[in-house]
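Student: The listed protein sequences derive, respectively, from chains A and B.
Its first residue numbered 1, the first sequence is counted upward by one per residue in the numbering used here.
Its first residue numbered 1, the second sequence is counted upward by one per residue in the numbering used here.
Among these hints, one or two may not hold up.
[What the hints assert, rightly or not] Covered stretches of chain B (chain A as the covering partner; in silico rule of three or more C-beta atoms under 8 Å from a C-beta of chain A):
(1) 3-14
(2) 345-356
[Stated by the list, open to error] Every beta carbon over 10 Å from chain B, so not counted as near; a handful from chain A, in silico:
(3) Asn5
(4) Tyr120
(5) Trp205
(6) Gln296
(7) Lys368
Hints are computed from structural coordinates only; laboratory data are not their basis.
Using N, Cα and C, we set each Cβ at its ideal position, and we do this for glycine too.
The primary structure of each chain is shown beneath.
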Amino acid sequence: MTARNRELFALIPASLLVTAGFTAVFIQREALLSDLSLTYGAIFLALCLAAHLVLRITLPHADPYMFPLVAVLACFGLVMLYRLDEDLARDQAKWFVVGLAFFAATIVALRRDHRVLERYRYSIALVGIVLLLLPRLGSPVNGAYLSFHAGPIAFQPAELAKIAIVIFLASYLRDTRQVLVVGARRFAGITFPPLKHLGPLLAVWGTAMVMLFVIQDLGSSLMFFGGFLALIYVATNRISFVVIGVTLFALGARVLYAVRPTIQHRVDAWLHPFNPDLYNQTVGGSFQIAQSIFSQADGGLFGQGFGQAVIRLGDNPPILPAAHTDFIYAVITDELGLLGAAAVLLVYLLFVERGFKTAMLATDSFSKLLAAGLTAVLALQVFVIVGGVTKLIPLTGVTLPFVSYGGSSIVANFILLALLLLVSDRARREAELR
Amino acid sequence: MNAPILKLFGLVLVLFAALVGMTSWNSVINAKEYRTNRLNARPQIEEQRVHRGLIRARDDSVLARSVQGSDTLYRRRYTPEARLFAHALGYDFLRIGRAGLERSRNAALAGEQNELSSVVDQLRGKRREGDTVVTNLDPRAQRVAREALGSRKGSVVAIEPATGKVRVMVSTPGYDPNALRNQRIFDRLNRDDANAPLLNRATQGGYVPGSTFKVVTATAALDSGTFTPDSTVSGRSPIVISGAPLRNFSDEQFGSITLTTALTHSVNTVWAQVAERLGHERIAEYMKRYGFDSDPPLDYPAGQMLASGVYDRGRLLSPRSRRVDIGRVGIGQERLRVTPLQMATVAATVANGGVRMKPQLTGRIVDADGRTVERIEPERSERVMSASTARQLTEMMSNVVREGTGTAAALQGIEVAGKTGTAELNIARRINQPWFIGFAPRNAPRIAVAVTIQNVVGGQGGVVAAPIAKRVMEELLR
């Protein structure tokens, strides 16, 4: 069976899932079965088929599982959002169309050779940094500068910036990885990179620190810096570089903790979520994380079932805040239980596995680093938000890729998917020829 | 570069395992602790997800039902008729909590089950559903009592003597239970100390019983064998009781009269002397048998009931205490504070041949499919007096209605036994607490009542309270 036919078959479970999910929500809500759920399922399937056709024509050899895995996550997110608020789901569906357009455009533009991106690496890096600094023009949300408002559209540039930075690093490290390794000096038992190449790397560290201080968002800087370290590690296979990086980041975070009360609040809320004083604090308290844990406890092993979680009562403020963005994982655990939540994580893990597999199959260094970097950043993003929601690490607001509500997140992650498929198509084509 | 990529994937596996581990900790391993965390409002919300059972009146008319909101949670709604039953029913709202039957019968209304049967139901796809509570309250009699009290502050309680079924429980002023949904209205009603509309005067209101308490004194006098209905005592006024002069109502003078006559005309000086002769111990013993000094055994929340007895600075004082003026206790004065429910129990006990029954608001509990799950059987509390004492007391109390202070309670063709009371709260401003307790028909009593009204200027039990008792009994005996 060809890769594309496998993809087509793999899409069937995704569309069945979306139909079943909508049906469950409908039954729960209306106590009757409406053909609307089938309509939703059909529209979703049609969108998937359109994307599939694009892939069939342009990237016939690309990995057959990545797109269906994303479709599963996306339909999961749609059903979840539909259950929370129909308008949100409709909005999100529109963003899917936009995201798929960007997906197709990226593939069409780069289908000859995605390595043209290397030529523009400094421009791309600049765009990435500008994107990151844009929100500083606006006003902070919960103490962090996360979104940029252009007219009616709130835009979270960090989502796109992460792709720009990975492209830049992959390209930069392709050139310098050899010298980084060869010129390395051992000092006090630790291998340091050569000084003249340390500059650009320190610049990346500096950028992450600046991000920490300027946009005050621990979550995205953790994601970026983590992606950076992953790339350095893959490029050089030197664990000591990672140790140095982690130490430097920890130092920066420690300084930030000392000077920024918002970060201190986050950490306090993480350590003592059920402290009544912190819980009742109106700004920067532990109410959110405590409620997130209560919803997960409510879920148990099997969950309450679709549409059964308590999110809000009447017109009161919601019991679980930001259920459609930051805390959507808590809602999933509440409604589908530990098993459902673990299943979602498993889908991400499968996707990550395909991503790394693509990186391993790729023959040129840039493609390898690009695929590994994009995959690592996505995995880290999942870890940062799910870790925050489950109180494994302090909570910082990033989206759950393909599941959370948010236009920029959807668009950026579809571009990420397009890049991975581009790399995969070339790698697998070459593997077949060999 | 493939080796580090593989190791990186290994790291991702570890990180994701940590996520699954933490999710397990939150949702399964440590979930119980989180579920019972007092900051967690979900258990209360959980109860709002159950279709709470109906509350019905005795004639099966619906008083309380649950309606499902757009958020799939159920909310309590009371029918217009429920206003008549407001205090007995109580309320059930997320913000202000629960009271009344809604609280005392919560387990049935919320459909609480043991673990096993709830699991079985879950497997059968059956949703948890509350049972219906059918009360003993009679809507027509309830309405008659409510209308008879009118705009006055007071209470009427009617009990079936043989079974303890509470047929009427009214407290005025009332309120619309649906209005309590609004926190502001609830707060306002709760703060209104002058009218105290949320107070169930039938079970929580402590009032000076006045002469109705002479029934208790008479029970002690006859049942202990110290007196007979024909024993004579001097009825002159005033006499000195516990070092202070005591007068009859309107300072009326009586010669040497029998206890029957003394009850018929409610002669204070006679009953004070009787009480003094019986002593603290005997009075205290009979009060205890009648259920004074402890919460009534009603199926109603403990926090909404008041024990009747002698109160000193807000605390129950044993009638055995030497600090208690037992002569004045004997005529229902001193620092006695009693609830209408307690006085209705006194009347019902005499009517039931001396056996006190447990008062019960609930008649039966019916499941969602209409099957009776539990029938609340009559329950005997204790024998207060011998059957012959009860017969003698009944005879004496029927004289009160036939020719004494209680003639206004007399029914056409049905003999009524009763006792009036007029507690003088402020003699200078003539503010009284009128009472009537009684039962009918005399020979085979089917209903016992207690009626009281707060702060009536110049009103007497026989004039103000007895006619209300008459109307309620008439309705219930129809």
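Student: Honestly, which of those hints from before does the structure not fit?
Tutor: 2, 6, 7
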